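Peer 1: Given next are the chains, with one letter for each unit.
Protein chains: 2
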Amino acid sequence: MSFVVKPSLWISSSSSSLLGEDSGFTSRTSKVTFNSRTSGVLKCMGVANPAAEITAYTTRVSRNANMAKLQAGYLFPEIARRRTAHISKHPDAQVISLGIGDTTEPIPEVITSAMALRAKALSTIEGYSGYGAEQGDKKLRTAIASTYYGNLGIEENDIFVSDGAKCDISRLQLLFGSNVKVAVQDPSYPAYVDSSVIMGQTGLFEKDNEKYGNIEYMRCTQENDFFPDLSTVSRADVIFFCSPNNPTGSAASREQLTKLVQFAKENGSIIVYDSAYAMYISDDSPRTIFEIPGAKEVALEISSFSKYAGFTGVRLGWTVVPKELLFSDGSRVAKDFNRIVCTSFNGASNVVQAGGLACLSSVGLKAMEDVVSFYQENTKILVHTFSSLGFNVYGGRNAPYVWVHFPGRSSWDVFAEILEKAHLVTTPGSGFGPGGEGFIRVSAFGHRENVLEASRRLKTLFK
Amino acid sequence: MSFVVKPSLWISSSSSSLLGEDSGFTSRTSKVTFNSRTSGVLKCMGVANPAAEITAYTTRVSRNANMAKLQAGYLFPEIARRRTAHISKHPDAQVISLGIGDTTEPIPEVITSAMALRAKALSTIEGYSGYGAEQGDKKLRTAIASTYYGNLGIEENDIFVSDGAKCDISRLQLLFGSNVKVAVQDPSYPAYVDSSVIMGQTGLFEKDNEKYGNIEYMRCTQENDFFPDLSTVSRADVIFFCSPNNPTGSAASREQLTKLVQFAKENGSIIVYDSAYAMYISDDSPRTIFEIPGAKEVALEISSFSKYAGFTGVRLGWTVVPKELLFSDGSRVAKDFNRIVCTSFNGASNVVQAGGLACLSSVGLKAMEDVVSFYQENTKILVHTFSSLGFNVYGGRNAPYVWVHFPGRSSWDVFAEILEKAHLVTTPGSGFGPGGEGFIRVSAFGHRENVLEASRRLKTLFK
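Those protein sequences? They're chains A and B, same order as listed. Converting from the first sequence to the numbering used here requires adding 997 to each position, the first position being numbered 1. Converting from the second sequence to the numbering used here requires adding 997 to each position, the first position being numbered 1.
Simulated from the structure, these hints should not be mistaken for laboratory data. Where hints are given, some of them may not hold.
You can't tell identical chains apart in this list, so a pair holds if it fits in one copy or across any two.
[Stated by the list, open to error] Derived PhoX-like pairs: lysine-lysine, alpha-carbon spacing no greater than 20 angstroms straight-line: (1) K1066 x K1135; (2) K1066 x K1204; (3) K1208 x K1066; (4) K1456 x K1377; (5) K1086 x K1418; (6) K1135 x K1332; (7) K1460 x K1418; (8) K1418 x K1456.
Given the structure is predicted, the values throughout are model-derived calculations rather than measurements.
Given these sequences and hints, build the entire structure.
Peer 2: Structural data, given as structure tokens:
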């Protein structure tokens, strides 16, 4: 098959020759094949004979139609792109990022020392180890089970150690396959929807309502205390539910989660509960869905060390799949997830898992708490800043995210204004779903002096 | 929906109460719900009233039909299971594993020191970093491009750093979607076929020929020099091709790979070339598919540090997706793969990537070569052992795998005999596809004394 490049000749800016090393090949399926795309930068050039029709070779493999459904880029790389463009335009600006929820504070030494020790040990006969269990080191699985699910009937073999919650979201989608319908909070972390689209669970994106077909968007707004009105929610097979929520920062109460579990049970749905921010809860909201009676029969839970220990770049998380959770034919969800993990994953890094184990020592737990407390203090500063400027501010109490309302304005416009005038990167609420329109998410991950400086700039901008 | 457990009551061996914490829930969809599966060990117990019908709650979510197609467990966990069972039966036996291709020798210190240093630096303000680029650190991408693809027109932004080749195989399947047909060498590394089944690309497993429907199995035997007769191969969208091959140990020659590229071009197919063992090549076979002119338009390549640097447990690999590789609509495969990587992955661990960069320093490269040479020496010992016993032995010259023929015998029988009588774990050839029947794969990863001891035991067993 040939892909005709018209009307003129496209040539790589770094190509030294029209007929590169590949030019020897002709095939039944392309007219002229040449090495035209070496640099990734295509420039349009005039040619001696403009009538010449030059074709670039294309395979006959169709692009996955689900990939074509995806709108724009994944949210956070898009924000990074805009940040980079802003810096190019304002090379002297001191840009502060309160955008992507990226940890900034050093990892407690007790944790990094454990990783360093494990790394060094790999150079010794006694300390070397090759492939670990795909499900994670037994010690770490046991420590996660006892630390976070001590009295809840979750055991070591219910825990699957991962390289992060985002990665396991896609592995869970592989597990569920393309014939399920999912529900998501609106707004919510975009990986749920995007992975659903990629798996072919959805219809096309509908421009008029900014939603994909065949996804149930559960509206979470200030009017309903950021908890969906379940009486209006249609049945879905899989309900992604993040609490404390990213981006609204709202944690569901025990009463609300009890309703959610009951709703799932009545509908025979599976809840994928994302508790990646549970350590930020400061009131008595449940830290895990398994605090709710009956949850083990309708829920699995994904979580992560990223926001607890500053492991965003180190990569470690876990998923709990209770043995009580069954598909409609009575087979165990955990059994199939185990097969996915064994086929599509090879376990988290042994060096990193040693760090995870150190996180769960008594010293490590205290150290993680200190890091979390630091970010919680940042959160208070940001909440106070926006409140004092008269904005309606949500979240913050149980999460490192502050959710600020700009009624009647477009999130991307507010994002652009704050970036342009205050050199601050935030995240437009609409990037998390149509329910986020009119909001921006402000992340409390940052050095203290940056958060204070951001606060000053915001006060100048919006005074 | 309810799943009726008959004829008697199943109760968890560790359950302290018939009516556990979950018993408060009744729902429209199950008759009686109780916390019956806490321990994962189900025991059948007599009950006072045997007529009582106790049901366990099941969700209404259908099991993914593709998961149900999968045969048995993933190969290597199954071997580990049999190994464990053997050890239980023979607690005093000194079992030596030449089964799963798991590295055993310490990682050179220059590499582990770099990881330890990076880990420790994460405890400092200056050295801390959060989320890295999903595609990998720019320095590492650049080093991979220049080290392995120096003069081949592959650039830094064609490289996607991963947590291992197996993980990227599944991400590639997500990229391709369920509507492609794949071809695999028969025998081949089982992750290609299993991930294809999971993605829904295949039909059911056909017991009569031990193949899944809608997969093209390209037979590779001693008769065809372990290179498929392409004149008999039907068109596939995606051709998985591993060279040096796991399990046969055979590396395709330049002439063979030129034929493969031409075949792909004529058919408009995409080759997924797995070069995870390329560093073991000792003759002039190509180390990468991109040595073949025209390959960039029809191939992408997956590779790994696992077998080069002993990173099986550390987890680091990469995938090359040339910008010249296009779908039939002219869109770039790399663009969609980038979207998959950004949505389903968060980059390899920063600590581990520092190790990868050290691997590619001049000292690191030399150190990796030494490790590879050590395993190559093991390979020679194993080849000599089987040859001297009169077996037809293949592979070994360009790969750490020795492929031994036991004409007329079942691979699993040979596996069981060698395990039972010599306490040696090998891998049954049929685990890699029907074309592997009658063979066993012997891995050369092992301490020298173990390989020598294995050699002695084999000579005793088969003398």
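Peer 1: In ascending order, which of the hints set out earlier in this document are inconsistent with the structure?
Peer 2: 1
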